[in-house]
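Novice: Here is what each chain is made of, one letter per residue.
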Amino acid sequence: MTTKTLTVPQPSVSSPSGGRLYWAVADALTMTKRNLIAYTRVPEAIFFSSVQPIMFVLLFRYVFGGAIPTPGYHYVQFLMPGIFVQTVAFGSIGTSIGLAEDLHKGLIERFRALPMSRWAVLAGRTTADLCRNLFVMILMTAVGYAVGYRIGTNLGEYLGGVLLLLLFAYALSWGFAYIGLSAPNSETAQLMSFPLLFPLTFASSAFVPLQSMPGWLQGFAKHQPVTLVVNAARDLMSGVPNPHLVFPPFTGIASTGRTSSTVFWAAVWALGILAVLAPVSVRRYRRRTI
Amino acid sequence: MTLAIQLEDLHKTFGHTVRALDGVSFGVETGTIFGLLGPNGAGKTTVVRILTTVLAADGGTARVLGHDVRTEADVVRTLIGLAGQFAAVDENLTGAENLWMVGRLNHMSKPELKGRVSSLLDRFGLSDAADRPTKTYSGGMRRRLDVAASLVAHPKVLFLDEPTTGLDPASRADVWAMIETLASEGTTVLLTTQYLEEADRLAEQLVVIDHGKVIAEGTPASLKASMGATVLDLGFADDGTALRAGEVLKTVTDKPPVVLGSAVEVNVNDGPRIVTKALRILEAEGIAPTTLALREPSLDDVFLVLTGHRAEMEPATPPSDTANTNGRRARSKRGPS
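Listed in order, the protein sequences are those of chains A and E.
Sequential numbering of the first sequence, starting at -14, is according to the numbering used here.
Sequential numbering of the second sequence, starting at 43, is according to the numbering used here.
Excised from the complex, chain A in its bound form:
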């Protein structure tokens, strides 16, 4: 049971006198492992959490999609990167729910009284949620293929896109960690997280071209991080660069020599969110108040 299930990688150097950094990483891995085990014990949770994104795919692909013009390429090529970003972004809400649950059940109190690294609880939770999002991405790629989506670039760029949006979701997780540590219970944590993400994902280029929105909304939608990440993902995965500039229709996409500035700015956003919110959340965890 035990040695098999926990794979903190260092049987030879597991002396308690290991350095601070060593234990910081080991603690985070122990916490990650613990959260991943929990996912395997409740597989229904992952199953049912992928039902909603699949319904979004079907809804937009077959119900709304016909009414959304994306001249020059099929709507499904436009849609799927948006769905991917929406799915992993909402998946990162799991961090706030999980931490609120740990807090509510007294586990955080136990962790706080342990000599473990102060960032490990959050790192373990966000990393486990990253793994779950990776799994969901694989699943959603298969769903995309089933509804007619095809990689428009090459596998390398597609995987680059996956990496980018997982990084974005990981950064969001660190922000939702703060909500998880502040909410009175997991239901409230979810209710607090949802309204933050909802306008960001829907007032973005995820489902419709920005040109279809009123001008005042376009101003917000054009510059907010979800749009940038969706555009970059579309660029890398479908080979559709900068969709809010695609009207009038463009034809043919050169998969080489495209500007990488969308990807660059999307990565900057993701890393910026991470750099700001991770320390804020760790600080929240360290604060010795209830």
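Among these hints, one or two may not hold up.
Here are the simulated DSSO-like cross-link-like pairs (lysine-lysine), alpha carbons at most 27 Å apart as the crow flies [unchecked claim]:
{"#": "1", "chain 1": "E", "residue 1": "K319", "chain 2": "E", "residue 2": "K255"}
{"#": "2", "chain 1": "E", "residue 1": "K152", "chain 2": "E", "residue 2": "K177"}
{"#": "3", "chain 1": "A", "residue 1": "K90", "chain 2": "E", "residue 2": "K177"}
{"#": "4", "chain 1": "E", "residue 1": "K292", "chain 2": "E", "residue 2": "K266"}
{"#": "5", "chain 1": "E", "residue 1": "K198", "chain 2": "A", "residue 2": "K90"}
{"#": "6", "chain 1": "E", "residue 1": "K292", "chain 2": "E", "residue 2": "K319"}
By construction, these hints were calculated from the structure, which means they are not laboratory data.
Fair warning: this is a prediction, and the values are worked out from it, not measured in the lab.
Following the hints, position chain E against chain A.
Specialist: For chain E alone, kept in the frame of chain A given last:
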């Protein structure tokens, strides 16, 4: 004798109004079992949280084995074990995985941990359930696992916050035996409890706190001696009769009877003899009690004697709101008998 735990003038206020601790000071000698008694909301858990570095005090100092819990929290955490008020086990993990996780987070090596986990499971009668997710455990099993988790890293000072609340009598006896064994091995144990019986059985020294203040300290024997050996409970038809009965019964004992609505309580040393005497007096006054009981003093009675009010049900009741007049009895606070 060296002190394992030392508190000096500890203050803690939640928000701006709820004064959880209002100048608490006490010391716990190394290798002893120390009882922290109080009703719900007295501040017991706040004391434990501060001592285990989970919460920071607003004022005063607290030391564990000489290390300040505020400035040397990292050191303190390597020396202590904590079993909080709610069994803090991960219900998706098995019993063995829970202990393993806590051991790893205590930075124990894998070979060392392997033996430790199985011996603890064995000791707490959880070997058969070791590989079952703890969500399938009963309340008693969870609590035992929780206590086992607090022991994984061989703590020198163990904090148990109401370790037997909600346990059936058999599990309670198990936990008691376990605490006694630990103390005999040299571990210092601070336990909080609402049960006088528990403190009486385990603690060598104890303090009683209420509304964030220490209201009594000493040995269980000295505390009980301050109350009289038994309690005479009398019920009357109405409040007025009870008041009159309270007046006339002042002569039966040197401690004044306490009137609570339509009931009267008298702390006495010589139960049976006093009953006869009390009934005679009442009869002479033409008062007939509707109920009569003679019983062992409970924690409720300790509070009644020490504070003049009942153990409050609600956590943050202001100190002025004494329950003397409304006659409501917090029977649920009463210890197991």
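Novice: A separate judgement is required for each hint: does it hold in the structure or not?
Specialist: How the hints compare with the structure:
At roughly 38 Å between alpha-carbon atoms, K319 of chain E and K255 of chain E are farther apart than 27 Å, so this suggested pair is violated. About 25 Å separates the Cα atoms of K152 of chain E and K177 of chain E, which keeps this hinted pair within 27 Å; it holds. As the CA atoms of K90 of chain A and K177 of chain E are separated by approximately 13 Å, the hinted pair is consistent with the 27 Å bound. At roughly 21 Å between alpha-carbon atoms, K292 of chain E and K266 of chain E fall within 27 Å of each other, so this suggested pair holds.
Among the hinted pairs, K198 of chain E with K90 of chain A is consistent with the structure: their alpha-carbon atoms are about 26 Å apart, no more than 27 Å. Proposed proximity of K292 of chain E and K319 of chain E is supported: the alpha carbons are some 12 Å apart, at most 27 Å.
Consistency with the previously given hints fails for number 1 only.
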